[in-house]
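Taken in order, these protein sequences are the chains called X and B. Under full-length UniProt numbering, read the first sequence as residues 1 to 210, first letter to last. Under full-length UniProt numbering, read the second sequence as residues 1 to 210, first letter to last.
Simulated from the structure, these hints should not be mistaken for lab results. Take these hints with a grain of salt, some might be off.
The list makes no distinction among identical chains, and a pair is therefore deemed to hold if it is satisfied within one copy or across any two copies.
Computed list of lysine-lysine pairs in BS3-like fashion (alpha-carbon distance at most 25 Å, straight line) [unchecked claim]:
{"hint": "1", "residue 1": "K131", "residue 2": "K184"}
{"hint": "2", "residue 1": "K66", "residue 2": "K187"}
{"hint": "3", "residue 1": "K195", "residue 2": "K184"}
{"hint": "4", "residue 1": "K131", "residue 2": "K187"}
{"hint": "5", "residue 1": "K65", "residue 2": "K124"}
{"hint": "6", "residue 1": "K3", "residue 2": "K204"}
2 protein chains.
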Amino acid sequence: MKKNSKEAILKAAILLFNSKGYTGTSIRDIASAAKVNSATIAYHFENKAGLLEYCFTYFFEQYIKKMEEAYSSIEKGAMVCLKRMTADLLHFHCENSQLASFIYREMSLDSQMVREIMSTYLLKEKYYLQKVFERGFEWNEFRPHSIPYLITQLKGLLMMPFMNTHYMREVLYVFPNEQFFEQKYLKDLHLWIDKMLCTDITRKREAVLK
Amino acid sequence: MKKNSKEAILKAAILLFNSKGYTGTSIRDIASAAKVNSATIAYHFENKAGLLEYCFTYFFEQYIKKMEEAYSSIEKGAMVCLKRMTADLLHFHCENSQLASFIYREMSLDSQMVREIMSTYLLKEKYYLQKVFERGFEWNEFRPHSIPYLITQLKGLLMMPFMNTHYMREVLYVFPNEQFFEQKYLKDLHLWIDKMLCTDITRKREAVLK
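Using the sequences and the hints, build the whole thing.
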């Protein structure tokens with residue numbers, strides 16, 4: 001019962017934070033949507049800031065875990081590893097599209113919590129991406145290029161559908177929470193890796209293996 | 001004098017909306033930062049919502065104008081046109097990086113104003129991009145591909161540095177308002193067009209012309 005109310009609160013909070021924004025949502029709104037009283041929210045999350053922190057940690061703990069798991073396949077090659085990483089991260093985003101959308105909006109603000117997230121999770125993310133790119137350059141799998149600019153592009157491609165879900169649905173008629181989107185967009189992300197990163201040698205080797 | 005106060009209000013509002021968020025900023029904060037009284041803000045913009053609307057219109061009017069101007073060069077070829085479009089839009093974003101950052105964050109919310117912006121400006125944007133891609137396919141300059149998925153990627157690449165300015169500065173040490181960034185990142189955007197869109201014929205023709 002208690003676990004159910006915690007989950008219901010979290011679900012309602014993500015939905016409301018996403019559509020109305022964090023500052024535009026009150027504890028009372030969340031309580032009403034989750035069908036609990038405010039005291040139950042206080043019991044589980046202390047206050048609205050506690051709920052926000054829980055959302056951030058919940059999202060980024062899983063995000064970094066996916067990266068770490070994918071990174072463990074680095075010995076198979078930088079391209080294989082990066083393709084697995086993008087597949088796993090895209091899948092994670094598709095499964096948590098509302099949470100991702102709201103988290104990314106909040107991450108664009110200049111707050112204490114955002115700074116803490118950056119100095120922990122996003123530095124770790126940079127570390128893993130940097131490692132993959134460096135191995136790719138070293139093994140001549142990837143063409144040399146500025147790592148921060150590659151990270152910018154890869155993150156831009158990965159985040160865009162989830163930062164602009166209303167736009168995606170209502171202007172482009174693309175639905176980022178659907179499996180069809182995930183399959184189709186993953187091909188584009190992998191094409192980006194093939195075309196923008198891989199050397200001709202890597203592409204030829206890959207073609208032979210196929 | 002009046003024009004100066006209007007500009008000072010706008011500048012202060014963009015700065016505060018960007019760092020503290022729209023809902024996190026009060027008219028009093030803006031008045032204090034712009035060194036005017038609240039009545040002056042009311043005189044120029046009515047209220048906070050009026051100020052927000054002004055920011056949106058100010059941003060998207062210029063944005064669409066840049067697109068229209070670039071689109072006028074379509075007869076020179078789809079690739080040339082799209083490269084000019086990305087160059088002009090990137091330049092516009094770099095010059096208005098704080099405004100872009102705040103506008104994109106607000107655009108992720110589900111509000112009446114956002115829906116109006118989508119049904120006017122973002123549909124126009126889609127129209128121009130679609131035209132360019134279609135001409136590119138027709139003239140065998142671009143490889144056929146799903147237009148909504150191409151728009152997603154191009155917009156993701158273009159918006160990312162401005163949606164995450166704190167991250168760019170503090171994690172990647174990249175400064176999206178600087179000329180150095182603009183020059184370097186434009187090369188990446190153009191490389192994306194060359195590698196992801198252009199057919200081998202286009203690339204060879206381009207090489208001969210150079």
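Broken hints, by number: Structure breaks hint 6 only.
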